[in-house]
Each structure stands twice: as C-alpha cells, then as structure tokens.
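Undergrad: These are the residues of each chain, in order.
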Amino acid sequence: MKCSEKIYNLKSILILIFQQKEHIALLALLNNLTANAIEAIEEYGVIAIAIQQQEDDTVITVCDNGKGIPQNELSIIFEPGYTTKYNVEGVAATGIGLSHVAALIAKLNGSITVESNDQKRCLKLSFLRKLFKRERLK
Amino acid sequence: MRYFIVDDDRASRVMLKQIIEDSGLGTVIGEARNGEDAIPQILMTQPEFVLIDLLMPKLDGIATVEHLIQNRFEGQFIMISQVVNKEMVGEAYEQGIDFFIHKPINRIEVENVLRKTTEQFRLKTHSWLFANRLLALK
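Chains as they are written, first to last, in the working numbering: chain C, 14 to 151; chain A, -10 to 127.
You can trust all of the hints, since none of them are fake.
Counterexamples of contact, computed for chain A against chain C with all Cβ distances above 10 Å: (1) Met33; (2) Ala52; (3) Thr107; (4) Glu108.
Under the rule of at most 25 Å between Cα atoms (straight-line distance), these lysine to aspartate or glutamate pairs were calculated in the DMTMM-like manner: (5) Lys6/A to Glu102/C; (6) Lys92/A to Glu102/C; (7) Lys98/C to Glu20/A; (8) Lys146/C to Glu35/C; (9) Lys6/A to Asp131/C; (10) Lys92/A to Glu55/A; (11) Lys92/A to Glu86/C; (12) Lys6/A to Glu52/C; (13) Lys98/C to Asp(-3)/A; (14) Lys98/C to Glu100/A; (15) Lys98/C to Glu56/C; (16) Lys98/C to Asp11/A; (17) Lys92/A to Glu92/C; (18) Lys133/C to Asp11/A; (19) Lys80/C to Glu100/A; (20) Lys47/A to Glu92/C; (21) Lys105/A to Glu102/C; (22) Lys6/A to Glu55/C; (23) Lys80/C to Glu10/A; (24) Lys6/A to Glu128/C; (25) Lys6/A to Glu98/A; (26) Lys19/C to Asp11/A; (27) Lys98/C to Glu10/A; (28) Lys105/A to Glu80/A; (29) Lys75/A to Asp(-3)/A; (30) Lys98/C to Asp(-2)/A; (31) Lys6/A to Glu86/C; (32) Lys6/A to Glu25/A; (33) Lys34/C to Asp70/C; (34) Lys6/A to Glu92/C; (35) Lys80/C to Asp11/A; (36) Lys98/C to Glu98/A.
Examples of chain C residues toward chain A, derived with CB under 10 Å: (37) Glu86; (38) Glu92; (39) Thr96; (40) Gly103.
Simulated from the structure, these hints should not be mistaken for lab results. Quick reminder that beta carbons are idealized off the backbone N, C-alpha and C, glycines included.
Bound conformation, chain A alone:
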C-alpha cells in the first residue's frame, strides 16, 4: 500500500514512516507539514491512504480532507489526533473518516489501525472486481 503523511511535527512523520515500513505495511510516498502543501502532492500521487493530523497551521486536517474529497480524491483517510477534542472528532466522522490514530504514537495501535484499513481496502477492491465480473457475465 502507498501512504502519504501530513503532520506539522517532523518527529511524528519520521516515526510513523518507520512503523509503516518496518512492519511491511507499505511505503510512504510523500509527506507534507500542512494541508496547503499536501493537497497538490496527494492529488498528483494518488496514494491509497493519507495519514493526516487534525490540528495544523494554515489548513487544518478536516478542511484538507474536505478539499481533497471535493477534488475527487478516492483514497482513505486516517486521522492523527493529539487532543481528544470531541467536537473535532465528531466533525471528522461526519467527513467520512473512520479511522483514528492517537498521539503520543503507540506502535501497536498504528500497526493495528493500518492493518484494518488495508483489510477494508482489499475487501472494497475485491467486491468491486466481483461486481464487475458479475456484470460481465450478464
């Protein structure tokens, strides 16, 4: 799987990248320190997953997600949240974000959340392929 990380904290970006690559989940194809820088790169590289921080300078996580969806980005989002801010988390769910990773980083949590998102992605792709085959049979 291909991942893109958006977080203003460099230490977190590097640590997440190490966890993803050490556990064989996939590769990190790009990173950005805020939403504004991330949008053009994500639209160009079309990663399967975007790990994105909730609170960032310039464009925050939710606004960035909104912008990407409007531009027909179809990858999945995994929100990184530092504060347990119920309002923002609620807003994130409303934007269609199903997965969260919390800060400070927990290696086991990150690995498990990312494995689940991968599984979900595979199921989605398989059912899509299956539906297409069924259509072809008609």
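Isolated chain C, as found in the complex:
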C-alpha cells in the first residue's frame, strides 16, 4: 500500500477546563471526528477543535478545511453504512463512524449540526451545560 503524507495544523481553543463523567464516550466522539477531519484534508490543512460555553449549552466544534461535504449529502452522513471511503481494492469502509457518533450524542442528550462550505466544514456538538463541570484555566 502506498502511503501519502499530509501536513496539517491542529489547533485547540480552550479557555475553561471542562470536566465530564462520560469522558470515554466523549473521547470516542472526538476520536471519530478528528480522524474524519484528517482524512478530509488532501495535502495541507487546518483542523480546529474548540469547546465553549454558549448560553445554556456547552458546545464542542471540530472544523477542518478539507474537501467538504456537498450540500445534498449533508442529510445522509449519519446513516449507518454510508461511506465515501474505499480502499485500493475498491472495498467500501464500514460506514459506522458518524452513525456511532450520532448514537453517542443522543445518549448524552446532545445534538449535532453540520456546516459545510467552500472554505471549511464544521461539526458542532451541543450538550446541556449541566453535563459539564467548569473550572477557570489556571
């Protein structure tokens, strides 16, 4: 198999410290979304991960400036089995990444929205603020 090299810049924006009991589920979420972001980047790119307090919600966003998602495909990306990735033998990937993400978010009573345009693609996860314990960054 041929390996291609990518250069990307991973930025994280963090002002407060957020603590969460369901950290394993949260890690699985971020792992999936970050892996997708890296895969979306063709050669050079930027990935930004942020966590912020927005009114009653704690919002986590994962953005990348990779190839993006066409508008007509936005509604299908969370469907189990749907994938845009194929290996060199032509075999489709399992297509369970984002459907797993959606299931985990539902379990945490959160919601997910996607925005995609020419410049960047962002997945925005909102959770009730009470799900997180906050602390000032020392």
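Fit chain A to the supplied structure of chain C, relying on the hints for placement.
TA: Okay, now just chain A, sitting in the frame of chain C:
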C-alpha cells in the same frame, strides 16, 4: 447512459449514484426504495439500465423485473445482491438478468460491471443499426 436505482437502503442508493456519476458512466435519473414505487417511474422514464436490489419489502427484485418485462420495458437489469442466495440468483438468471453487483459495495466491481453492461448495450444498438442499414440496402 441513464440509470435508475431501486434499493431499500438509502446509503447504498447514494453510494451507487456517486460511483456512477464520479466515474463518468452516466447519470442517475431516479431512485425508489421498493419495487412498487419503482415500476411506474421506470416505465415513464425508460432508463437504459436499472440497478435493482434482490431483497426488498413490498415487491422484491425478481417480481419487479418480471412485472417490468411484462410491461415491455426494454432496458437492462443489474441485480444488487446482499446474500449469496443461490436459489434467488438462479431465478434471477432465468428472468434474463446477466449482471450482478454484490453488497457490501465494491467501487471497482461496480465500475467494471457497469462498463461491461454499457459495452454490451452499445454492441446491441450498433448491430441493430447495422441490420437496419443492410435491410435498407435491399
């Protein structure tokens, strides 16, 4: 070439459509989630090729093909089969289906099967045109 896709799984429909359109094989002019919905649309739009799932709710693939042939639909069928069910595949061959695509989807398989069906279609049309010209010469 114009294609119509009949499959109860939305992810598969979208993925097949992407493969067809990305590889420049043609366009997908319509899709349906079962045989019952597909029949009137196929008879109206007369696509050159119909990609049809073997196992579907309401009207299964074989019954749908049978119905379309009875209604003088002349396009070609390509069967999508998930399970390697020998009886059903045998029945499909008896209905005059020569081409199969297997699930999970393999991009290389889909492209190659569709290229072969296109070639066969072109040969058929050319020999028909040739025969007509010969008749005209008489």
